[in-house]
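A.B. asks: These are the residues of each chain, in order.
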Amino acid sequence: MTVAAQSFSSRPIAAVARGVALPLVLLLVWQAWASTLPANTRAPSPAQVARAFETLAIGGGLVGATLQSLGRVMLGFLIALVLGVSLGVLMGSSRRVSRNLDPIVEGFRPIAPMAILPIAILWFGAGTPAALSIVAYAAFFPLLLNTIHGVSRVDRKLLQAARTMGLPLHARILRVVLPAALPSIMLGARLAMGVAWTAIIAAELAVGAKSGGGSSGGLGQMMFVFYAYSIDLNNIVVCMIVVGVVALLIDRLFRVAERRLMPWRI
Amino acid sequence: MNGAVNRPKLRLQGVTKAFVAPRTGHRTLALADVSLDIDQGEFVCIVGPSGCGKSTILNIVAGLDAPTAGIVEKDGAPIAGPGPDRGVMFQDYALYPWQTVQGNIGFGLNYGAPGKSMSQAERDARVAEFVKLVSLTGSESKYPHQLSGGMRQRVALARLLANGPDILLLDEPLGALDAQTRIILQAELLRIWGETAPREQRKTTVFITHDIEEAVFLADRVVVMSSHPGRVRDILTIDLPRPRDESIRADPRFGHFADEIWRLIRDQALQAIA
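So the protein sequences, as listed, match chains A and B. Every letter in the first sequence is one number past the one before it in this note's numbering, and letter 131, counting from 1, is 131. Every letter in the second sequence is one number past the one before it in this note's numbering, and letter 12, counting from 1, is 12.
Treat the hints with care, as some may be off.
[Unchecked claim] Here are the simulated SDA-like pairs of lysine to any residue, each with C-alpha atoms no more than 25 Å apart in a straight line:
#, chain 1, residue 1, chain 2, residue 2
1, B, Lys132, B, Pro78
2, B, Lys74, A, Leu159
3, A, Lys157, B, Arg253
4, B, Lys142, A, Val256
5, B, Lys116, A, Val256
[What the hints assert, rightly or not] Covered, in the sense of this in silico footprint (three residues per stretch, anywhere, with C-beta under 8 Å from a C-beta of chain B), are these stretches of chain A:
#, region
6, 153-160
7, 173-184
[Stated by the list, open to error] Sample of chain B residues with no beta-carbon within 12 Å of chain A, all distances over it, derived:
#, residue
8, Gly70
9, Asp85
10, Asp92
11, Ala125
12, Glu129
13, Asp171
14, Arg191
15, Asp239
In case anyone wonders, no lab produced these hints; they're calculated from the structure. Small disclaimer: the values here were computed from a predicted structure and weren't measured. Note that the Cβ used here is the ideal one computed from N, Cα and C, for glycine as well.
Let the hints inform the model, and build the full structure from the sequences given.
C.D. replies: Okay, here's the thing in structure tokens:
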């Protein structure tokens, strides 16, 4: 019996089944509860959310809004990646640079991405640049701090060995420091992608509010419109689910990338 | 003319190295007035109790540390910093965990002679040649963490030799291995070093060890150091015939040299554990 149970649980289908079972039960409970409510209720139900998803996905602008948000996240993340990793390498390898910049970094870190929104809107207007700057700001800190951590812990012997083999400074950074710090940088990138995706929704919600649901676009703005103009909870839940699913997919992609980029760590 | 012929490959004269602790300002003398000439093709072992500055000498010759006072010269020119003409094999091998066996052996080929001027195909061929030399054929694509200690040691040795340095600096390269593997690899090291080649074709080698018999087995000369501060206590010429194999360990002169070295460091070794 035990043997049979073990071999069953090791099958991927079984693992998927177990992962799906509880959400399915919750959905059923939710649907059962919703069917007890009066017909004119605003409360969302699974069946209505599914219908709303169909409407929004086919010609309702859901795909476009998701792609727009995703595009902003990617671009903002890339900006943060370049800035965070290069500054992180500098701060992680030089104690003097780190001593001088640390107070500035630590001073900004507690300021939440949303707290720079007013300035971002004033400077960049209620469009993509404002959203981008908030995403880049949010993603910058996890990348910077994890790069510093990884770079400062590079085995000194590996750098000395590179010097005895005649590698100039730029080659030591590219071929020793960055690969040695890559596990930390990848961890920072995953965290950064998570906060970037959170920040873009919040930023678009807020920018959407500022622009009166007009020009900013993206999933967050879509949610704001449903909230402010049609009070349609089913549509809002659709957006929430899309946010969650996209975040999950991005995280899975990162795990695959980690395995590809760091085959020596398996 | 004659001066150039007699000029040592490596010259250390009055080398002193003091370390200052960054917080307390406490000054430790690691090396005091070390003078040592090493000839082309010579295999020199440095033995001594811990704290005698063996590794500091190696780092200074490698150019990774600068002496506080004294002269360090290679071929009559002062050593100013690290360079691919002096290859180092570190105690824990310093292999790059993200590089395969091949990647590690070829790591320095883009930077130092002789690899710099090679085409990629020539570099690949050189890597293959050294993989074969250290008998790692079949493990080219493995990562360091997939290798045994002895195999990692061979990768480090192959990397050292593939870079074609003029001088080999080895810091307790066999220290992490078990006794049996050590004995096998000592003989292999001499074979790879080129024991059968004429002296002028051999690589000048400085080998740090705390193992007295290892030093006698490998060296042309053994430098015995004393500690606190590190000084040269004595230098013994090991005139055992080359090529050497296991049978040399049974030679009465082998035991005599080992006893002599042990006599020189015994007092300090006993002090260290007392």
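A.B. asks: Now, for every hint given, state plainly whether the structure supports it.
C.D. replies: Tested hints:
no.	hint	result
1	Lys132(B) / Pro78(B)	violated (36 Å)
2	Lys74(B) / Leu159(A)	holds (23 Å)
3	Lys157(A) / Arg253(B)	violated (38 Å)
4	Lys142(B) / Val256(A)	holds (21 Å)
5	Lys116(B) / Val256(A)	violated (36 Å)
6	153-160	holds (count 4)
7	173-184	holds (count 5)
8	Gly70	holds (21 Å)
9	Asp85	violated (9 Å)
10	Asp92	violated (7 Å)
11	Ala125	holds (19 Å)
12	Glu129	holds (18 Å)
13	Asp171	violated (10 Å)
14	Arg191	holds (24 Å)
15	Asp239	holds (32 Å)
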